[in-house]
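As they're listed, the protein sequences go chains W and F.
The numbers in our numbering rise by one with no breaks, and the one at position 109 of the first sequence is 109.
If you count the second sequence from 1, you need to add 296 to reach our numbering.
Treat the hints as calculated values from the structure; they're not laboratory data.
It is possible that some hints are incorrect.
[Said to hold, decoys possible] A few chain F positions that, by computed beta-carbon distances, are all more than 12 angstroms from chain W:
hint : residue
1    : Phe326
2    : Phe327
3    : Pro354
4    : Asp357
5    : Leu373
6    : Ile375
7    : Thr407
8    : Lys443
9    : Gly447
10   : Ile517
[As the list claims (entries may be wrong)] Derived DEER-like restraints, expressed as beta-carbon distance ranges:
hint : chain 1 : residue 1 : chain 2 : residue 2 : range
11   : F       : Asp556    : W       : Arg66     : 40 to 48 angstroms
12   : F       : Gly454    : W       : Gly270    : 31 to 39 angstroms
13   : F       : Glu364    : W       : Lys39     : 51 to 59 angstroms
14   : F       : Met497    : W       : Ala210    : 14 to 22 angstroms
15   : F       : His507    : W       : Leu92     : 32 to 40 angstroms
Predicted, not measured: the structure shown is a model, and the values here were computed from it.
Yeah, the Cβ is synthetic: ideal placement off N, Cα and C, and Gly gets one too.
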Amino acid sequence: MSGGPAFGTRTPGVLETIESSAQARPGRRAGGRRFNSGKIISWIIFLAGMFYFFLPLLVTFVFSLRLQPTGQAYANVLFHDPRFASSLIYSLVVGLITIVISILLLVPTAYWVRLRVPRLRPYVEFITLLPFVIPPIILVFALTRAFAGPPFPLTATSDGLNILVIAAYVILSFPYMYRSIDSGLQAIDIRTLTEAAQSMGAGWGRILWAVILPNLRVALLSGAFLTLAIVIGEYTLASFLVRPAFGPYLALLGRDKAFEPAAVTIIAFGLTWLAMGVIAFIGRGSRGSVPLTGGR
Amino acid sequence: MASATTTAPGAPSARPGRRLTPAWLGVLPFFVFATAFLLLPVAVLLSGSFFDSATGQPTLDNYAKLAEPSIVQSYALSIEISLVTAVAGAAFGFLLAYALIIGGLPRFLRTLVMTFSGVASNFAGVPLALAFIYTLGFQGMFTLFLKNTVGIDLYGSGFTLYTKLGIELAYMYFQFPLMVLIMAPALDGLKREWREAAENMGASPTEYWRHVALPILTPTILGTVILLFGNAFGAQATAYNLAPLVPIVTNVISNQISGDVFHNTGLGYALAMGMVVIMGIAIAIYARLQRISERWLKS
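For reference, chain W alone in the conformation it holds in the complex (with noise of 0.2 angstroms):
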């Protein structure tokens, strides 16, 4: 991606037989059939890698068959255990709400900061960036104390804990949210389409739900696919503030059986490699966000 428009200006000569001598590496192979240590080595570390990537996986995957008859495992769990369903959907609903408030609450302050604002910036980047120094250990921590009693004491209800999980992931999603909201605001003009808007008629609602909202999609899906990849899995917030989400159901089925553990870390593996699939698609030809204020 990038230098790739320098190319394009530069005259042809040395700089062009060098590039090309370069480029041509994978042709030597059938004319020279020189030994090429480089490249050995290369495939030694990318094996090495694939081995370390697929060998859990791979066991995994292996021992989830073994409860006879072949396949039982996951049929004991997508059927015949209740939990599983009910611990999935908690957790994607959770991650649904959380995509929503996260969106409602970066979009307009992102806008807002580009537009008018500016001398926020550096309060707002501040903040988002906290979830880095603050570990959801510690968040969770912080949460259950400053809520246990009055005046607001979330942690004695259900509704409670579910406001105080779902308010956590959103302060999670933070970081990435708003690095990809931000660039996605960037990328459009906002000024000419505010003042086109306006121009027309449009009120600050209008403006950001009809003309910013759907300019940033791109920014948004990736942003919120990370969000749910990350939601989905989560045990450290979930399991203190004892909701009955996915992340906790795992670690518990892993304390009780033997085999259906198995079947559900491969499902939840496909879970992630398909939220990935999913983000790598929406966000072909943008650099991806490296997500790290996930489950660890």
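Using the hints, position chain F against chain W.
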């Protein structure tokens, strides 16, 4: 500054008291939310760490107690695990990214590994812990395979997954893919002109790497090492589900949240604040390094 944007011609928004509406109203919910669910709760921990939980008197005692051997050991263990996995993860991740981008591997592998890395860096927590238990646990399939087929008795020779080493092995699973995710675009961003210029001036590939490429990449590499450090230091779910008895800071704090194991809530808060300070230092250094590296590798 503020007046530059106020008079868009024909804008119908020329209400009095512009300072409060609608821009300020637009950003208000964000600040209120962040204050309620992030800043104030953390402030509660912070202020709690300065009070004696038994007497309610202000004190610095909780911080003094951080010097107790068991707590120092916890921090040391967490820092060691984070450093080891950050450096090893960065080293291997760099090699893998290098092999992919520059090492002449077929191009389709690049997409493959990048996708894998995206998935692996997100595949953490409970499922990761379980996968490692199935693989390298006492009855793990790979453990048994090594013992029965290859003849290497891991557990007979002192290895246990439920220790520091086990946590490190599991953390590596999300550490090196993260390095690949960051390093591959950085290596891709090395401009061909730089190498050509170096070659034109007679530099060997080694000299090009030593004097051009590596100095450009160093802030990115160092920054990522620090990022990986923070990534491991703040990790809770994986270690807690793999080896809850290893007294790393997140495990200790977890036990403190579940039931006041110190019998001293103030000490728990101080322990948490210590963690925030270390994370804060790491991220501050990272932010600085990233600013330097963006100068060269802006993509």
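Each hint tested on the structure:
Against chain W, the non-interface label of F:Phe326 is violated: not every CB pair exceeds 12 angstroms, the least being about 4 angstroms. Annotated as non-interface, F:Phe327 brings its C-beta within 12 angstroms of a C-beta of chain W; the closest such distance is 8 angstroms. Distance check on F:Pro354: its Cβ is at least 18 angstroms (rounded) from any Cβ of chain W, clearing the 12 angstroms threshold; non-interface status holds. Listed as a non-interface residue, F:Asp357 keeps its Cβ farther than 12 angstroms from every Cβ of chain W; the least gap is roughly 19 angstroms.
At roughly 15 angstroms from the closest C-beta of chain W, the C-beta of F:Leu373 stays outside 12 angstroms, upholding its exclusion from the interface. A cut-off of 12 angstroms between C-beta atoms confirms that F:Ile375 is not in contact with chain W; the least separation is 14 angstroms. Against chain W, the non-interface label of F:Thr407 is violated: not every CB pair exceeds 12 angstroms, the least being about 9 angstroms. Distance check on F:Lys443: its Cβ is at least 14 angstroms (rounded) from any Cβ of chain W, clearing the 12 angstroms threshold; non-interface status holds.
Even its closest Cβ contact with chain W, about 19 angstroms, leaves F:Gly447 beyond 12 angstroms, as expected for a residue assigned away from the interface. For F:Ile517, the condition that its CB be more than 12 angstroms from all CB atoms of chain W holds, with the nearest at approximately 15 angstroms. F:Asp556 and W:Arg66 have their C-beta atoms about 41 angstroms apart, which keeps the hinted 40 to 48 angstroms range intact. At roughly 36 angstroms, the beta carbons of F:Gly454 and W:Gly270 sit within the given window of 31 to 39 angstroms.
In this structure, F:Glu364 and W:Lys39 meet the distance hint of 51 to 59 angstroms, their C-beta atoms being roughly 54 angstroms apart. F:Met497 and W:Ala210 have their C-beta atoms about 56 angstroms apart, which leaves the hinted 14 to 22 angstroms range violated. The supplied range of 32 to 40 angstroms is broken by F:His507 and W:Leu92, whose beta-carbon atoms lie about 52 angstroms from each other.
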